[in-house]
Amino acid sequence: MPGTTAPPTAPLITARGLTKRFGSFTAVDAIDFEVAPGESFGFLGPNGAGKTSTMRMIGCVSPLSAGEIRILGLDPARDGPAIRSRLGVVPQEDTLDTDLSVRDNLVIYGRYFGLSRAESARRADDLLEFAQLSERAKDKVDPLSGGMKRRLTIARALINEPSIMLLDEPTTGLDPQARHLLWERLYRLKQRGVTLVLTTHYMDEAEQLCDRLVVMDKARIVAEGSPLELIERYSSREVTELRFPVGVQETLGDRLDGIGDRIDRLPDRVLVYSDDGEAVSAAVRARGLLPQTVLVRRSSLEDVFLRLTGRALVD
Amino acid sequence: MASVPAPFPRPRPIDAYRAAYEHQVLLYLRNWRGSVFGNFAQPVLFLLAMGVGLGSYVDRGGTNATDGVPYLQFLAPALLVSTVMQGAAAEGTFPVLSGFHWVKRYHAMYATPLTARAIAFGQLAWTITHTLLVAVIFALMICLFGAAATPGIVWSVPIGVLTGIAFSAPISAFMTTQRDTNAWNNIWRFGITPLFLFSGTFFPIDRLPELIRPLAWVLPLWHGVDLARALALGTAGQAPLLHAAHLVILLAMAGVGVWAMFVRFRRRLDG
Ligand SMILES: Nc1ncnc2c1ncn2[C@@H]1O[C@H](COP(=O)(O)OP(=O)(O)OP(=O)(O)O)[C@@H](O)[C@H]1O
Ligand SMILES: [Mg+2]
Chain A
1 MPGTTAPPTA
11 PLITARGLTK
21 RFGSFTAVDA
31 IDFEVAPGES
41 FGFLGPNGAG
51 KTSTMRMIGC
61 VSPLSAGEIR
71 ILGLDPARDG
81 PAIRSRLGVV
91 PQEDTLDTDL
101 SVRDNLVIYG
111 RYFGLSRAES
121 ARRADDLLEF
131 AQLSERAKDK
141 VDPLSGGMKR
151 RLTIARALIN
161 EPSIMLLDEP
171 TTGLDPQARH
181 LLWERLYRLK
191 QRGVTLVLTT
201 HYMDEAEQLC
211 DRLVVMDKAR
221 IVAEGSPLEL
231 IERYSSREVT
241 ELRFPVGVQE
251 TLGDRLDGIG
261 DRIDRLPDRV
271 LVYSDDGEAV
281 SAAVRARGLL
291 PQTVLVRRSS
301 LEDVFLRLTG
311 RALVD
Chain B
1 MASVPAPFPR
11 PRPIDAYRAA
21 YEHQVLLYLR
31 NWRGSVFGNF
41 AQPVLFLLAM
51 GVGLGSYVDR
61 GGTNATDGVP
71 YLQFLAPALL
81 VSTVMQGAAA
91 EGTFPVLSGF
101 HWVKRYHAMY
111 ATPLTARAIA
121 FGQLAWTITH
131 TLLVAVIFAL
141 MICLFGAAAT
151 PGIVWSVPIG
161 VLTGIAFSAP
171 ISAFMTTQRD
181 TNAWNNIWRF
191 GITPLFLFSG
201 TFFPIDRLPE
211 LIRPLAWVLP
221 LWHGVDLARA
231 LALGTAGQAP
241 LLHAAHLVIL
251 LAMAGVGVWA
261 MFVRFRRRLD
271 G
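These protein sequence lines map, in sequence, to chains A and B. In terms of this note's numbering, the first sequence opens at residue 1 and continues consecutively. In terms of this note's numbering, the second sequence opens at residue 1 and continues consecutively.
Hints in this document: simulated from the structure, not taken from any laboratory. A couple of the hints might just be wrong.
[Stated by the list, open to error] Okay, derived cross-link-like pairs now, EDC-like style, lysine to aspartate or glutamate, Cα gap no bigger than 20 angstroms in a straight line: (1) A/LYS140 - B/GLU22; (2) B/LYS104 - A/ASP261; (3) B/LYS104 - A/GLU68; (4) B/LYS104 - A/ASP142; (5) A/LYS138 - A/ASP99; (6) B/LYS104 - A/ASP257; (7) B/LYS104 - B/ASP270; (8) A/LYS138 - A/ASP94.
[As the list claims (entries may be wrong)] A short list of chain B residues far from chain A (calculated; beta carbon distances all over 10 angstroms): (9) ALA20; (10) PHE40; (11) ASP59; (12) LYS104; (13) MET109; (14) PRO113; (15) TRP188; (16) GLU210; (17) ALA236; (18) ALA245; (19) LEU250; (20) VAL256.
Backbone N, C-alpha and C fix where the C-beta goes; we use that ideal spot for every residue, glycine too.
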């Protein structure tokens with residue numbers, strides 16, 4: 001980071017025992033993590049895991065209940081406004097000003113960061129270009145599609161040229177095309193060296209965007225690593241999904257035992273983990289079992305999550 | 001702990017306060033057409049109906065009850081203060097609910113260097129600005145109608161704004177605790193509207209039943225109405241202590257309200 005006094009490898013964010021309680025309920029339970037400059041760091045977890053509560057503490061808008069956090073070397077309790085001046089925040093729920101036009105939303109936001117009107121307007125026009133919203137500059141916000149609103153929120157978060165982007169479920173609720181467009185824009189930011197911190201409950205999103213991630217479940221971090229590391233550590237190279245005709249799965253008993261490295265039985269299918277999925281399906285057939293469908297695929301973070309928590313990620 | 005030197009320029013508080021105010025001004029500039037007509041129409045309608053219409057009837061009974069001036073002149077400064085108060089009260093309600101809850105504008109602001117205090121300041125400063133605008137228009141209409149007894153009518157403008165803040169700020173503080181307008185509707189129905197009618201705007205409060213007269217002392221509208229009227233009619237000197245008390249009470253209520261608003265904005269934003 002230009003102008004930073006700390007050495008370039010010092011983490012941008014350090015959290016120790018980070019805790020958030022609401023009354024007697026603990027939403028974030030003493031988690032530790034670090035984010036390095038230029039890194040894309042993800043919080044992956046199901047609904048209610050504590051992702052947003054964590055992001056709000058990083059965003060300096062939610063005081064810690066316990067623990068310690070340093071962002072850009074500063075303590076939010078003392079230097080909230082200074083830290084926030086270097087953040088770009090995309091909250092889970094849109095907070096665009098629906099009484100203003102698309103362009104006004106950006107220009108006024110720049111003013112919060114102390115930009116002059118002219119500078120803010122110049123950046124707003126560049127960002128509208130970046131977000132592919134130049135044609136909608138004069139429109140009100142409400143009629144925009146969900147994907148456009150999300151892009152506008154990201155553009156708004158970029159008006160201060162932030163050191164760290166905080167993205168809370170940037171693509172939830174969008175159709176596949178809109179998601180891919182957003183991913184592509186975020187990828188560009190990453191290439192420019194912007195540090196991304198994001199939450200998601202989509203595996204593919206985490207795999208696409210995150211250099212490193214933590215898996216959160218019930219207020220705690222249950223695993224940490226790059227997507228590939230996590231798959232290697234908690235899953236196998238390949239997964240064979242077996243679907244049997246209705247009622248048959250329950251009658252299998254121990255007839256699958258010994259096939260592959262590990263077996264997970266879900267209500268509607270059986271997952272067999274191994275290094276060679278085709279060999280698994282051959283072995284299944286050799287035992288005289290006749291699944292309705294057999295799907296061999298590469299292992300994903302979905303399998304990691306299942307292994308770690310015993311539950312599917314998106315229900 | 002030793003203070004860590006910031007590796008980047010620190011945001012200046014003055015920028016934050018100005019930007020928060022600027023946002024409110026921008027909202028008005030983009031949406032003013034709907035409200036400005038009302039700002040002119042309302043005083044005209046009130047002065048015509050209450051002052052000219054009702055006044056010609058009241059004045060037939062002599063002017064003893066109205067401090068020796070025509071009813072229109074008796075009514076005008078009080079009506080200004082009451083109307084301005086209502087506008088300010090509304091300004092403390094819907095924008096605040098919207099800022100926290102509907103549009104979530106304040107939450108967007110809080111993700112930037114803006115502090116909770118700067119955000120509350122922006123809302124308050126805008127309420128003062130808008131209230132001032134409404135009061136000035138009202139005062140002009142009073143002059144056009146010949147409803148000003150003395151040049152002292154100009155005092156109605158600052159008294160009106162002060163009364164407005166004495167209402168608007170505590171209401172804003174209260175609205176930070178609300179998620180809908182239900183409680184608010186009741187306050188308006190059973191609080192603001194009766195206040196408008198029974199705070200000495202249309203008739204002096206000594207005509208009120210003994211029992212409810214102390215209410216006028218507790219709620220700030222009467223203080224504003226009575227003070228503005230005395231200054232407009234040039235009678236403030238007759239009871240200097242009473243009128244000084246009016247001013248002190250208004251200032252105190254506004255001060256406490258503003259303090260409560262700052263505290264509550266902070267609590268609500270630090271979720
Ligand atoms: N202000 C609050 N008051 C009380 N409880 C809260 C508050 N905010 C969050 N919680 C609770 O804390 C838990 C974690 O919530 P959080 O929003 O951090 O989860 P999340 O991982 O972001 O979930 P999602 O994927 O649904 O966004 C939830 O059980 C939630 O109900
Ligand atoms: Mg969330």
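* Asked: Are the Cα atoms of A/LYS138 and A/ASP94 separated by 20 angstroms or less?
  -> holds, 19 angstroms
* **Proposed proximity, B/GLU22 with A/LYS140 (alpha carbon, max 20 angstroms)** => holds, 19 angstroms
* **Reported absence of B/PHE40 from the contact zone with chain A (all CB gaps over 10 angstroms)** => holds, 23 angstroms
* Within a Cα-Cα threshold of 20 angstroms, do B/LYS104 and A/GLU68 meet the stated pairing? -> violated, 28 angstroms
* Beyond 10 angstroms from each Cβ of chain A, as asserted for B/PRO113 -> Check fails; 4 angstroms does not lie beyond 10 angstroms.
* Classify the label on B/LYS104 as holds or violated, using whether its beta-carbon is more than 10 angstroms from each beta-carbon of chain A. => violated, 4 angstroms
* **Holds or violated: B/LYS104 to A/ASP257, with C-alpha atoms at most 20 angstroms apart** => violated, 55 angstroms
* Reported absence of B/TRP188 from the contact zone with chain A (all CB gaps over 10 angstroms) -> Answer for B/TRP188: holds, closest chain A Cβ roughly 23 angstroms.
* Asked: Hey, does B/MET109 actually stay past 10 angstroms from chain A on C-beta?
  -> violated, 6 angstroms
* No chain A beta carbon within 10 angstroms of B/ALA245's -> holds, 41 angstroms
* **Minimum Cβ-Cβ distance from B/ALA236 to chain A exceeds 10 angstroms** => holds, 42 angstroms
* Consistency of the no-contact label for B/VAL256, given chain A and a CB cut of 10 angstroms -> Given a closest Cβ separation of 25 angstroms, the condition holds.
Figure legend: structure checked against the earlier numbered hints; hints not met, in rising order: 2, 3, 6, 9, 12, 13, 14.
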